[in-house]
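Hey, can you work out the whole structure from these sequences and the hints?
Chain by chain, the residues run as shown.
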Amino acid sequence: MTKKTLSLFLIALFFAGPSYAASLDLQSAVDKVGANSYFQVDVFLNSEDVSINTVQADISFPKDMMQLKEVRNGNSIVSFWVDQPKEKDGVISLSGIIPGGYNDKKGLVSSFIFESKDYGSGVIKFDNLEGYMNDGSGTPVKLGSSNLRLEIAAVPEEYVPVVMEDYTKPEEFVPEVNRSDDLFDGKYFLVFSTQDKGLGMDHYEVCEGNTDNCIEAESPYLISNQGLDGKIFVKAIDTKGNERIASLDLKKDGNWYSNWIVIVAIILSSLLIIYLIKKIWTRSKK
Amino acid sequence: MNKKKIILIAFFLSPLFFLGKISLDLIAVSAANTTINITSKIAICGNNAKEVDEDCDGLDLTNKNCQSFGYRYGTLSCSPSCDFNLSSCSQDEPPINYGGNPVSETKVFFRGIAYPQSNVVLMKDGQIASKAVSGSKGEFSMEVSGLSGGNYIFNIYAIDDKGITSSSFVFPLKVIQGETMTIDDVLLAPTIAIDKNEVKKGDDIIVSGQSSPQNDVLIFIDLVNQVTVTSDSRGSYSYSFNTASLAENDYYIRAKSVKGESYSKSVKFIVGDSNVPVSDKSLKGDLNNDGKVNLVDFSIAAYWYDKDITPSFSKVEGQRLNDDGRINLVDFSIIAFYWNG
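Line by line, the protein sequences give chains A and B. Quick note: the first sequence uses my numbering, first residue 1, plus one each step. Quick note: the second sequence uses my numbering, first residue 1, plus one each step.
Take the hints with a grain of salt, since some may be wrong.
[Claimed, not checked] Distance windows between CB atoms, simulated:
| id | chain 1 | residue 1 | chain 2 | residue 2 | range |
| --- | --- | --- | --- | --- | --- |
| 1 | A | 282 | B | 68 | 56 to 64 Å |
| 2 | A | 128 | B | 146 | 34 to 42 Å |
| 3 | B | 68 | A | 128 | 32 to 40 Å |
| 4 | A | 186 | B | 276 | 32 to 40 Å |
| 5 | B | 162 | A | 30 | 53 to 61 Å |
[Claimed, not checked] Subject to a maximum C-alpha distance of 25 Å in a straight line, what follows is the list of computed PhoX-like cross-link-like pairs (lysine-lysine):
| id | chain 1 | residue 1 | chain 2 | residue 2 |
| --- | --- | --- | --- | --- |
| 6 | B | 50 | A | 231 |
| 7 | B | 174 | A | 106 |
| 8 | A | 187 | B | 307 |
| 9 | A | 240 | B | 174 |
| 10 | A | 125 | A | 105 |
| 11 | B | 174 | A | 187 |
None of these hints come from the bench; they were simulated from the model. Just so it is clear, CB atoms sit at the ideal spot from N, CA and C, and this is done for glycine as well.
Written out as C-alpha cells, the structure is:
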C-alpha cells in the first residue's frame, strides 16, 4: 500500500448560540498531524467572573477517525475526581471538584492523547455540561463550550508528536484512617488522594502489613485489618510508573493494653506480688 | 508492723493500682466501642492529630510555629516520629524572588494579613500543607516546600477568635521547579456571623466578625444596603442593622475590607414575623461530624454518589448537604465550598 501522509486539521469552533459567562473549551496545540500519529487535546475551564468549584462533562469523539490512547490529569485544577475521566464507546466522562473554587480564564481540567486513524471529518464535542458555583449552595452555572472540528486530509509534512517523559513522583500525601456509621457498616476505612505534577495519576495500591501484599484500590478503602495493629502502606503510581509510598504505623503509640500478652503478664505478676505480700504479712504476725 | 515492711507492702501494692487503671481503661474502651467515634481512642502517629506522648502529628502543630521556638522565619513541621522539626526555622528572612533566580529547593512563601493571633491555614490542592498563628496585627508568613514544578491551587483561610472560618483566598500558581516564589500582600476577607437566622421585621440583626485591626469593613446587606464599620484593636467589628426598611424575604449579608478585594462568606437570614436565634452551628459538608470538611467527607459522599441512601444517612444529607435525599454534584459543590482540609 502506498504510504500516504494524512493531515489532521483541528479548528476550534465557537458554536453560535446563547453567550455564557463561563465555558469549557477544547483546544489543541497542533493543526496538522499525519495518519497514525498522536495529538493532544486539552480541556480548559474559563470561569470568567464566577468562582466554580464543580464541573462535569461528557466529551464525544469520532471513533472511526481516532482512538483515545491516554488520559493525562497532571496539573489539573481538579483536585478530587468524582468520576475520573474514562472512555466508553467514544465518550469520555468526567466530573470533579475544586475546593475553594476556580476563578480564572484558563484552568486545565484534563488532557487526552489521541491517535489519528484515517480520513474523515468530525467534531470532538461536549455533552451534558454541568458547573456549580462556589457559593455554598451549589447554584448551577450555565456553561458554554467551544468544540473542536477536525478534518483529515493528505499533506506532505508529517506531525511528529512530542512524547513527554515524566520522572516526577506523585506529590507527598498522608492517608487517614477513619470510621463512620454511614460507610462500610461503621468499620474502619482508609482515605487517600494525591496529585501528580507530571502526566498524571494512574492508580493506587494499598498494602496491609508489608509492601509485598499490595492490591489495587480506590479511596475510600475498607481496611481488612480491623484490629489496626499493623502497618498500612499506600502506593500512588503515576501513568509512567513513578510511585510515592505513604505509610501509617497503626501499632506505634497504640494502646498498650490492646496487647493481651502484656495484660496476662501484668495479671501474673500481680498475683505473685499478692502472694509475696501475704507471706510477708503472715511472717510479721508471727 | 515496722516502717520497712509498710514501705515494702506499698511498693508491691502499687502495680495493683496500675492494674486497676487498666481495668477501668478497658471498661472505658469497651463502652467507647458502642459509641460512634472510637477513632480518638487510638493513638496514631501520622493521623494529623496530636495525641498523648506526641509533640505534634503531621499538620497538627498545636498552634506552634517557628516563632514559638525563638526563630524569626520559616515553617515548623512535624517529623515522621511526631517530634517538632525545626530544620526549616531560621533567623534569616526568606528571599523575595517571584520567578527570579533559581535556587535548589522548590518553595512558595505566602505573606499577608489575617486577624490578630488567628490560626491561618494554607492548603495545597485541597490538602492542608501548613499552619501558622498570625501576629498581633494579623500578619502571617507561611511556606510550602518540597514541591514539584507544575500547577497548584493554594487556598489560605483563617479562623477568628470565635472559631468562625473566613472565606478562602484562592491562588492558582504555576510553580517552577527549583525556584522559590513569594506571594505577598495576601489580605484575607473578614469573617462574618449574624445573631439570628430569622429576624422580626423592624427588629435589629447584629452582624459581627473579625478583620485586621483598625480596619474599615464594608458590610453588604442584600444588594441595596451598605454600611462601613471600623474594627477595633483586636480586629473585631459589629453592627446592629434595623430591618424596618426590608420587606419580608430572604437576604444575604457579606463583608469585605475596604482595602481588599476578597469577600467574606455570605450568610443568609430571613426577615419574617418572629426572631429565631442562630442555633444550628453544624458545619455544612461535614458528613462525619468531626468539625472538618475534607477528603473523608468527600469519600463518604463519593461512596453514596448516585446510589439509594440509607435512612440514617438521609438525615445527614438533610442537615449537612442540600436535603434532596440523594448525593449528586450539588452536594459535592457544597462540600467543595466548605472544604477546610
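Okay, the hints, checked on the actual structure:
Taking the beta carbon of each, residue 282 (chain A) and residue 68 (chain B) are about 58 Å apart, inside 56 to 64 Å as hinted. At roughly 38 Å, the beta-carbon separation of residue 128 (chain A) and residue 146 (chain B) lies within the given 34 to 42 Å, and the hint holds. Remark: the range hint 32 to 40 Å for residue 68 (chain B) to residue 128 (chain A) is contradicted by a beta-carbon distance near 51 Å. Take residue 186 (chain A) and residue 276 (chain B): their Cβ atoms lie about 35 Å apart, and the range 32 to 40 Å holds.
For the pair residue 162 (chain B) and residue 30 (chain A), the beta carbons lie near 55 Å from each other, so the given range of 53 to 61 Å is met. The hinted pair formed by residue 50 (chain B) and residue 231 (chain A) meets the criterion: a straight-line CA distance of about 19 Å does not exceed 25 Å. Of the supplied pair hints, the one linking residue 174 (chain B) and residue 106 (chain A) holds, its CA atoms being roughly 12 Å apart against a limit of 25 Å. For the given pair, residue 187 (chain A) sits about 20 Å from residue 307 (chain B) by alpha-carbon distance, which is consistent with the 25 Å threshold.
With a C-alpha separation of about 22 Å, the suggested pair residue 240 (chain A) and residue 174 (chain B) falls inside the 25 Å cut-off, and the hint holds. Between residue 125 (chain A) and residue 105 (chain A) the alpha-carbon distance is near 20 Å, which keeps this suggested pair within the 25 Å criterion. Distance check on the hinted pair: residue 174 (chain B) and residue 187 (chain A) sit about 40 Å apart at the alpha-carbon level, beyond 25 Å; violated.
The structure does not agree with the numbered hints 3 and 11 stated previously, though it agrees with the rest.
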